[in-house]
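Protein chains in written order, with my numbering: chain A, -15 to 196; chain B, -15 to 196.
Because the hints were derived from the structure by calculation, they are not lab data. Be aware that one or more of the hints could be misleading.
Treat identical chains as interchangeable: a pair holds within one or across any two.
In silico DSBU-like cross-links for lysine-lysine, where the CA-CA straight-line distance does not exceed 35 Å [what the hints assert, rightly or not]: (1) 194 to 109; (2) 166 to 69; (3) 166 to 87; (4) 87 to 69; (5) 166 to 124; (6) 41 to 194; (7) 194 to 166; (8) 87 to 63; (9) 63 to 166; (10) 124 to 63.
So you can see what is in the structure, the chains are spelled out below.
Number of protein chains: 2
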Amino acid sequence: MMTEVETRTASEQTRARLLDAAREVFSQHNFQGATVREICRRAEANVAAVNYHFGSKEGLLAEALNFSQLAALLTANVKADACPKIRLRLFLRDFMLMLLDEKNASSQCRIMARELADPTPALDKIVLEAIAPLHEFLGKLVREIVGDQIGETELRRCVYSIFGQCQFYRHSHPVLQRLHPKLRYDRKEIEAIAEHIAEFSLAGIEHLDKTQ
Amino acid sequence: MMTEVETRTASEQTRARLLDAAREVFSQHNFQGATVREICRRAEANVAAVNYHFGSKEGLLAEALNFSQLAALLTANVKADACPKIRLRLFLRDFMLMLLDEKNASSQCRIMARELADPTPALDKIVLEAIAPLHEFLGKLVREIVGDQIGETELRRCVYSIFGQCQFYRHSHPVLQRLHPKLRYDRKEIEAIAEHIAEFSLAGIEHLDKTQ
DNA sequence: TTTACTTTCAAACAGCCGTTTGATACGCTC
DNA sequence: GAGCGTATCAAACGGCTGTTTGAAAGTAAA
């Protein structure tokens, strides 16, 4: 019925507002630092709303995590009709935009990056749904570039080298701003960073390919 | 006098125990997660001891930070009589051992790595005394390798690429243990990681040197 | 209108936090 | 031993946390 739909959407509207506010706050503070009261304040909801709708603060974080945009990025890249090296460049560009662009609606990756250093019970879900697919994707891509000459261990370390470079710019943002106050992560800067990481990493990958 | 020395050392013994416990706890939890009560429990001191000796929890963290080992590493490397490439390998080996080896007494770098992602008022001191010298050191080292062909911006990004790889193994430790449970940071593994980062990075550096 | 159910709300709860307090014990000078 | 700073201690303080409660409001079916 009309009324039934209305009440359901009314309830789901506050649910959605809570999820939006949660993503915002969880991406700016770590799990301990993000308070239920601030999330509810931003969502214009009562403090009890979180526990009513999601059971707990942890439950809210778990439901706030949504990696559909990341998954879409990966599948689109796999389907792209381009050579592995160009696909690596494309991936790095899209991934860094997702990681660094403040304008980007996807705060998921920022929450993810934060969870890496400071595990919460939600980390298991993050590893399973986001990080493991990411590593698998990048592992296959690097394998396409280097062929079968290098071992699994060395391949994995190449993947780590790439992700390490990517995450550095997010993790160390507060430090970099102190060292170079004029630094801004606008679109042009992000694309330049992604280009650097691609050049740097392709050279590293192909070098290891030669020596082994 | 004898007695004067004894009382001073008695007081400084609890100071030292507090500092040791603080380094331990601050390297395992972030600033919010590390509690004064646990630090005092490990130091076998009263909860009031922190505020009595250091004024506040923040003051304790500030005094607990001591980068002499890191500074020694840098100066020793600068004085080493070796070509820049080998000095880079040496630095990476020593730095990764400092970062990853649980046996290593220096928890400073682990606190530092933690602070990167989660700034506290102590970050200013960390940047000034540890990170800025580190970046400056590595910048000069990379400059020695590439010559004057590449610009300051690109040079800085090479430094970021190297530090990013290093910090990845510390930041993502919880994740890597979930992805590969058999991973252990023993001395052999750490040295292999450092060797990989050196190979990977030298190729990246020299490639950028050629293309620019 | 009555009934039943879902959602919101102010208020309170229990627990931890960093910090302060005032008393107590200690070490040393005189 | 008296006097005096210093260091330690149990206890409490004020504040913030996530969560719970019970009443009130809102909605839809009878």
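Query raised in the report: From the Cα coordinates, with 35 Å as the cut-off, is the pair residue 166 and residue 69 best called within, between, both, or neither?
Result: Both ways: residue 166 and residue 69 sit 32 Å apart in one copy and 31 Å across, limit 35 Å.
**Report entry** Intra- versus inter-subunit Cα pairing at 35 Å for residue 194 with residue 166
**Finding:** Close across copies (28 Å), not inside one copy (39 Å); limit 35 Å.
Requested in this report: Give the relationship of residue 63 and residue 166 under a CA distance limit of 35 Å: within one copy only, between copies only, both, or neither.
Outcome: Answer is between; shortest inter-copy Cα gap is 33 Å, intra-copy 38 Å.
Query raised in the report: At most 35 Å between C-alpha atoms: does residue 166 with residue 124 qualify within a copy, between copies, both, or neither?
Result: between (37 Å within a copy, 22 Å between copies)
**Report entry** Copy assignment of residue 166 with residue 87, given that the CA separation must stay at most 35 Å
**Finding:** This pair counts as within: shortest intra-copy Cα distance 18 Å, inter-copy 39 Å.
Query raised in the report: With identical chains treated as interchangeable, where does the CA-CA distance between residue 87 and residue 63 reach 35 Å or less: within a copy, between copies, both, or neither?
Result: Within. Shortest intra-copy distance 27 Å satisfies the 35 Å Cα cut-off; inter-copy 46 Å does not.
Report task. Check residue 194 against residue 109 for me: Cα-Cα at most 35 Å, and say if that holds within a copy, between copies, both or neither. Result -> neither (38 Å within a copy, 43 Å between copies)
Query raised in the report: For the identical chains here, do residue 87 and residue 69 meet the 35 Å Cα criterion within one copy, between copies, both, or neither?
Result: within (28 Å within a copy, 40 Å between copies)
Requested in this report: Pop the pair residue 41 and residue 194 into one bin, within, between, both or neither, using alpha-carbon distances up to 35 Å.
Outcome: neither (50 Å within a copy, 52 Å between copies)
Requested in this report: Can you give me the call for residue 124 and residue 63, within, between, both or neither, at a CA distance of at most 35 Å?
Outcome: within (13 Å within a copy, 43 Å between copies)
The structure does not agree with the numbered hints 1, 6 stated previously, though it agrees with the rest.
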